[in-house]
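Per the numbering used here, residue 11 is the first one in the sequence shown, and the count goes up by one each step.
Treat the hints with care, since some could be wrong.
[Claimed, not checked] In the EDC-like style, the derived pairs of lysine to aspartate or glutamate whose C-alpha atoms are separated by at most 20 Å in a straight line are:
| no. | residue 1 | residue 2 |
| --- | --- | --- |
| 1 | K122 | D112 |
| 2 | K190 | E140 |
| 3 | K118 | D18 |
The set of hints was computed from the structure by calculation and includes no laboratory data.
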Amino acid sequence: MLASNFPDGSISLIDKNLKFLYTGGAGYKNYDVNPWVFIGKSIYEVLPVEIYTQIVELLPSLLAGHYHSFEAMFHGQVVLNTLQPIANEEGQVESFVLASIDITERKKNEEKIKERNSLLEEIAWLQSHEMRRPVANILGLMHLIKMEEQDEDRKIRLYLEHLEKATEHLDQVIHKVVAKANGIV
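Turn these sequences into a full structure, and let the hints guide you.
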């Protein structure tokens, strides 16, 4: 009953000779396939080459009692496959469970998160590097203006021109940050 209702995937019992002993799951409904037709067949006849090859490569380790998982493409979907060995009373692995679940949406969400994190890193870099330079220039110029004598108008005008350029540059950087932040939302 559990296997028949396994969500978004399938669960199968496979013997050490790589033949299906049982398989089921809600995932078969997505492909309009009756899972019972696979019982007794080799996984070579049923599974895509990529998944079959991976299982064959992992078989010695699996028969030694080790758990494995791997991702593979199946009909344009990303599928997480987990392999769990099943030992008999003597401790010998005679079969294993293959649970396959569609993780396509999860992978898409992970990619969106990576893209957002990349944008956030770029925003952080802009804030920590590009904004600090014009701010330092503005603060330095303000300090010089305060130190100058009031009768030296020419120097003050020159400082104010530099202050204006630094402020304009800071304004451009702020616009970049806002544009990047809007790209996230």
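Cross-check of the supplied hints:
no.	hint	result
1	K122 with D112	18 Å, holds
2	K190 with E140	14 Å, holds
3	K118 with D18	16 Å, holds
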